[in-house]
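Residue strings, one per chain:
Protein chains: 2
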Amino acid sequence: MRNCIIASTSTLHGSGPLEYLQEALNELFEGINEILFIPYARPGGISHDEYTIGVNNIFKKINKRIMGIHMFEDPLEAVKNAKGIYTGGGNTFLLVDQLYRKGVIEPLKEKILSGTPYLGTSAGSNICGLTMQTTNDMPIVYPPNFRTLGVFPFNINAHYLDPDPNSKHKGETRETRIKEFHNLNPQPVVGLREGSWLRIINEDIVLEGGLSARIFEQNKTPYEMNSGNSLSNLH
Amino acid sequence: MRNCIIASTSTLHGSGPLEYLQEALNELFEGINEILFIPYARPGGISHDEYTIGVNNIFKKINKRIMGIHMFEDPLEAVKNAKGIYTGGGNTFLLVDQLYRKGVIEPLKEKILSGTPYLGTSAGSNICGLTMQTTNDMPIVYPPNFRTLGVFPFNINAHYLDPDPNSKHKGETRETRIKEFHNLNPQPVVGLREGSWLRIINEDIVLEGGLSARIFEQNKTPYEMNSGNSLSNLH
Chain A
8 MRNCIIASTS TLHGSGPLEY LQEALNELFE GINEILFIPY ARPGGISHDE
58 YTIGVNNIFK KINKRIMGIH MFEDPLEAVK NAKGIYTGGG NTFLLVDQLY
108 RKGVIEPLKE KILSGTPYLG TSAGSNICGL TMQTTNDMPI VYPPNFRTLG
158 VFPFNINAHY LDPDPNSKHK GETRETRIKE FHNLNPQPVV GLREGSWLRI
208 INEDIVLEGG LSARIFEQNK TPYEMNSGNS LSNLH
Chain B
8 MRNCIIASTS TLHGSGPLEY LQEALNELFE GINEILFIPY ARPGGISHDE
58 YTIGVNNIFK KINKRIMGIH MFEDPLEAVK NAKGIYTGGG NTFLLVDQLY
108 RKGVIEPLKE KILSGTPYLG TSAGSNICGL TMQTTNDMPI VYPPNFRTLG
158 VFPFNINAHY LDPDPNSKHK GETRETRIKE FHNLNPQPVV GLREGSWLRI
208 INEDIVLEGG LSARIFEQNK TPYEMNSGNS LSNLH
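First to last, the protein sequences are chains A and B. Using our numbering, you'd call the opening residue of the first sequence number 8 and step up by one each time. Using our numbering, you'd call the opening residue of the second sequence number 8 and step up by one each time.
Just so you know, the hints here were simulated from the structure itself, not pulled from any lab data. Misleading hints may appear alongside valid ones.
Copies of the same chain are indistinguishable here, so a pair counts whether it falls within one copy or spans any two.
Derived lysine-lysine pairs resembling DSSO-like cross-links, with alpha carbons at most 30 Å apart [unchecked claim]:
| # | residue 1 | residue 2 |
| --- | --- | --- |
| 1 | Lys177 | Lys116 |
| 2 | Lys227 | Lys67 |
| 3 | Lys227 | Lys177 |
| 4 | Lys90 | Lys71 |
| 5 | Lys90 | Lys116 |
| 6 | Lys67 | Lys177 |
These numbers come from a predicted model, not from an experiment.
Taking the hints into account, I'd like the entire structure generated from these sequences.
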């Protein structure tokens with residue numbers, strides 16, 4: 008069982024945090040009043056408390072209360088008892104490092120695979136892939152492992168960006184980076200543009216949000232997949 | 008003793024590889040006919056042989072021969088006997104992983120610190136900092152460690168990019184990423200723009216190339232340093 012929204016970003020340019028997802032979140036978290044928030048990714052280095060307060064301010068508009076996992080004595084119990092879970096964005100290395108060090112990786116995986124409603128944005132979406140190896144983030148800490156939850160049998164590249172044809176910059180494009188990844192790793196990568204999300208219900212994985220996604224498979228030319236299509240057979 | 012060129016990029020938009028560095032390379036490698044090339048970073052996933060042949064084609068114009076480290080039975084002996092060394096760009100995780108697995112990290116560090124002329128571009132520059140944790144690359148492999156050569160007491164951010172004030176993209180800017188790094192790590196970071204390099208001669212570290220660099224120190228507002236200035240006291 009799975010019941011997830013896996014979003015590229017929390018926030019779209021020109022609108023408030025999670026605003027574009029409000030309808031989808033109402034459906035995902037229907038009947039749930041309290042959501043466990045995992046703030047470990049700490050965007051911009053803000054504290055767990057600051058991050059949690061900000062997210063609570065967003066969710067109270069749809070009449071839900073947020074509890075940060077760091078507010079519990081035992082994070083494993085917090086995960087086990089959660090009715091719904093949200094993992095926010097920030098730095099994926101830091102998030103994965105904390106999930107391992109707190110022992111939360113396996114309980115979180117089991118919880119999501121038992122059908123508990125789960126929202127991931129950015130780093131919180133990356134961790135649902137097989138590994139965190141297609142993150143765009145800086146390796147600011149050394150996590151014990153790059154393996155992540157494997158809620159689906161591919162990887163996510165959040166905030167996917169198309170190459171800028173006018174760029175004079177010689178740093179690698181996102182597409183080149185993913186090609187390098189595929190030289191050493193077999194799993195497909197879903198390049199999720201800002202505004203896209205995956206809606207996962209049990210065996211179904213559907214691309215939502217109106218934009219196409221760019222799909223990278225090893226030894227294949229990358230291709231576009233339109234919104235509304237299924238990724239259930241991608242592995 | 009140190010004698011290094013630490014460049015942001017091998018190639019500038021609209022000119023050939025290493026073309027903008029030709030004069031500086033003639034001086035760095037003066038009197039040296041054969042240079043040991045470390046191709047482990049494999050840009051775009053090309054093979055060690057392809058990469059080495061391409062670099063040899065560049066260096067033969069200034070009458071130097073390139074030998075790839077992978078062409079030697081014993082990479083440690085190759086490093087010990089090198090008269091000059093060039094580590095090229097590509098993926099920093101892959102480069103660091105290979106340097107550790109081949110046992111080359113310590114010999115390479117000793118060789119550079121004994122004054123052997125060394126050229127680094129991009130990933131080959133990142134590895135001369137204290138850690139590789141301010142790379143822009145994707146973590147396509149899990150290296151045994153993020154610590155690198157520590158040829159100087161700070162980190163490099165190669166291909167440094169200023170925030171685009173017109174961007175609607177919500178992925179982190181380079182500056183935000185480095186701020187996150189400084190939440191957990193103390194060493195300064197030198198944001199080297201494409202076209203900049205550090206010229207290191209013994210105790211002196213001078214910014215070259217006409218552009219300013221952006222300097223990030225923990226708990227300080229980032230600032231610009233002009234070309235021609237010294238970074239010898241940055242630590």
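Status of the hints after comparison with the structure:
1. Lys177 with Lys116: between (39 Å within a copy, 27 Å between copies)
2. Lys227 with Lys67: Close neither inside one copy (45 Å) nor across copies (36 Å); limit 30 Å.
3. Lys227 with Lys177: Both ways: Lys227 and Lys177 sit 24 Å apart in one copy and 29 Å across, limit 30 Å.
4. Lys90 with Lys71: within (12 Å within a copy, 66 Å between copies)
5. Lys90 with Lys116: Answer is within: at 14 Å inside a copy they meet the 30 Å cutoff, but 53 Å across does not.
6. Lys67 with Lys177: For Lys67 and Lys177, only the inter-copy Cα distance (23 Å) is at most 30 Å; the intra-copy one is 44 Å.
Checked against the numbered hints above, the structure breaks only hint 2 and satisfies the rest.
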